[in-house]
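From first to last, the protein sequence lines are chains G and X.
Counting with the working numbering, you get residues 1 to 230 for the letters of the first sequence.
Counting with the working numbering, you get residues 1001 to 1318 for the letters of the second sequence.
There's no promise every hint is true.
[Unchecked claim] Simulated restraints on C-beta separations:
1. G/Pro12 - X/Leu1026: 37 to 45 Å
2. G/Gly38 - X/Glu1219: 19 to 27 Å
3. G/Ala120 - X/Ile1027: 26 to 34 Å
4. X/Ala1045 - G/Lys132: 31 to 39 Å
5. X/Leu1212 - G/Arg10: 32 to 40 Å
6. G/Asn68 - X/Leu1015: 24 to 32 Å
No lab work stands behind these hints, which were simulated from the structure alone.
Bear in mind the structure is a predicted one, so any value in this text is a computation, not a measurement.
Don't be surprised by glycine CBs; every beta carbon is placed ideally from N, CA and C.
One-letter residues, chain by chain:
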Amino acid sequence: MIRFDNISKRYPGGFEALSRVSFHLPRGKLAYLTGHSGAGKSTLLKLIALIERPSRGQIILDGVNLNNIRNKRIPQIRRNIGIIFQNHHLLYDRPVFDNVAMPLVIQGYRHRETRKRVRAALDQVGLLNKEKVDPITLSGGEQQRVGIARAIVHKPALLLADEPTGNLDPELSREIMELFARFNLFGTTVLIASHDLDLIKQMKFPTISLNKGMIESNDLLVPGSLGQAV
Amino acid sequence: MPKKQRKGPEKNSKLVSYLTHHLQMLIASLGYLSRQPVSTFMTSAVIAIALALPAGLYIALDNASQLSADWDGTTLISLFLKDDVNIKTVEKLAARLGQSKEIEKVSIINRDQGLKQFQKISGFGDAIELLDENPLPHVITVQPVVDQQSPDKVVHLVKTLQNEKLVELAQLDMLWVKRLYTLLDVAQRGVWIIGSLLALAVLLIIGNTIRLDIQNRREVIEVSKLIGASDAFIRRPFLYTGMWYGISGGLIAWLLIAVSLGIMDEPVQKLAALYHSSYELSGLNSNDIATLIAISCILGLGGSWLAVGRHLSEIEPS
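Please work from the sequences and hints to get the whole structure.
In structure tokens:
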């Protein structure tokens, strides 16, 4: 699903956020991306979502070389990805329902279908009764779950999460991680960036750990390089 | 019998979803503006004033040229006849000219009549009495049929009359009309220049307002881009917002002009009455109103297009 070949990312000013990163995340797998803050986790996710472009190397996403994607086609690529942020990125000028429905509205889903899917997504994150509520009135954990509902409502093949449990207590964090594991059971490929090492150990999924932009340990080797892909 | 549930397509066709979104944004942007009525009104009012000024000048010019058209009826051609022509021949010529299609009215000024008039108004009465004989010729005054569309026809008529055997000199008394027309022409150019400058101002006002809107809705734009909204999709609400600013500005401009004309009407009628005329100010007809609204709508779209083109690409998710 995602394949990085010798990816380096150098920001203007010379800071190298990633250097020579290679890995392969097969379709239908869940993996963790760990490392200290500043290790390059966010940059890696941004490269997949085409928020940033690599300085060197190539990324193959679902069989498509992202280097060949022009800016005009970026929206098309992003429609197949669900992205979850640490700070939710919810819009506080509209109720929960409208927040979750955004990806469907953008893709032109019928009204009836939109209602159905938004309800289903909210049900999966356990917030079905909150659809008319303003997001600002929800707790941090609930807001994060609204963000997750928005990321899965259009059933993307790939789910990216950047520190989804960053602001949550251990109990809630565990719930969120189990939610991701459940989506993965239904076939969604999931990549989660997190520095919550204890929790990651408990979850027992393959892990890539980054340190200062370089791969420290990798359970997801590129097939044909040093070992087998997990 | 169990009812078969037919499952329709999940998504609308591209065209339908495109049109649906346009319609939604058309209404949503109106809703967005109506939720902040004070700032919307202020922006629209500024636009309205900028539009009402050139439109009002245009109407003033329109009225002025109508006024001058009314006075065209007094255009006269004077035919000074040759010295040796006797009054009988003059009457015959006048009768012949009177039948021409191009001529409205013909009248004769007998040379003796002419002399008396001249004595009266020139102040040279005593001097003229010393003359042995009347130096003035018979004169025929011709009032041509004036065709608004082609003032050249009158000039042509003058040439024809000049070629008459008995005519010494055919003179068109139209110089002041020409002057007025030229003056109106100059004024019209002025209105165009002012109008263009103010149109530019409207463009910039709307552009700047939309720029602020874009900054205020930065979060929405970022999130929309992240979940795969195309640029066109993100652009749409701003373009419609600009259009509504333009339209509401145009409507208020119309109101301003109507009120101004209402205020002017009474003194203008009084003035006209002093000239023994029943002149009435003509306001905006439906054509003018449609043009005004169309122009303001286009300026609104144009201004927001400029702002959106410049500032939307600056906002990228990070």
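Now for the hints, and whether the structure bears them out:
| no. | hint | in the structure |
| --- | --- | --- |
| 1 | G/Pro12 - X/Leu1026: 37 to 45 Å | holds (41 Å) |
| 2 | G/Gly38 - X/Glu1219: 19 to 27 Å | holds (25 Å) |
| 3 | G/Ala120 - X/Ile1027: 26 to 34 Å | holds (28 Å) |
| 4 | X/Ala1045 - G/Lys132: 31 to 39 Å | holds (37 Å) |
| 5 | X/Leu1212 - G/Arg10: 32 to 40 Å | holds (35 Å) |
| 6 | G/Asn68 - X/Leu1015: 24 to 32 Å | holds (28 Å) |
The structure shown violates none of the earlier numbered hints.
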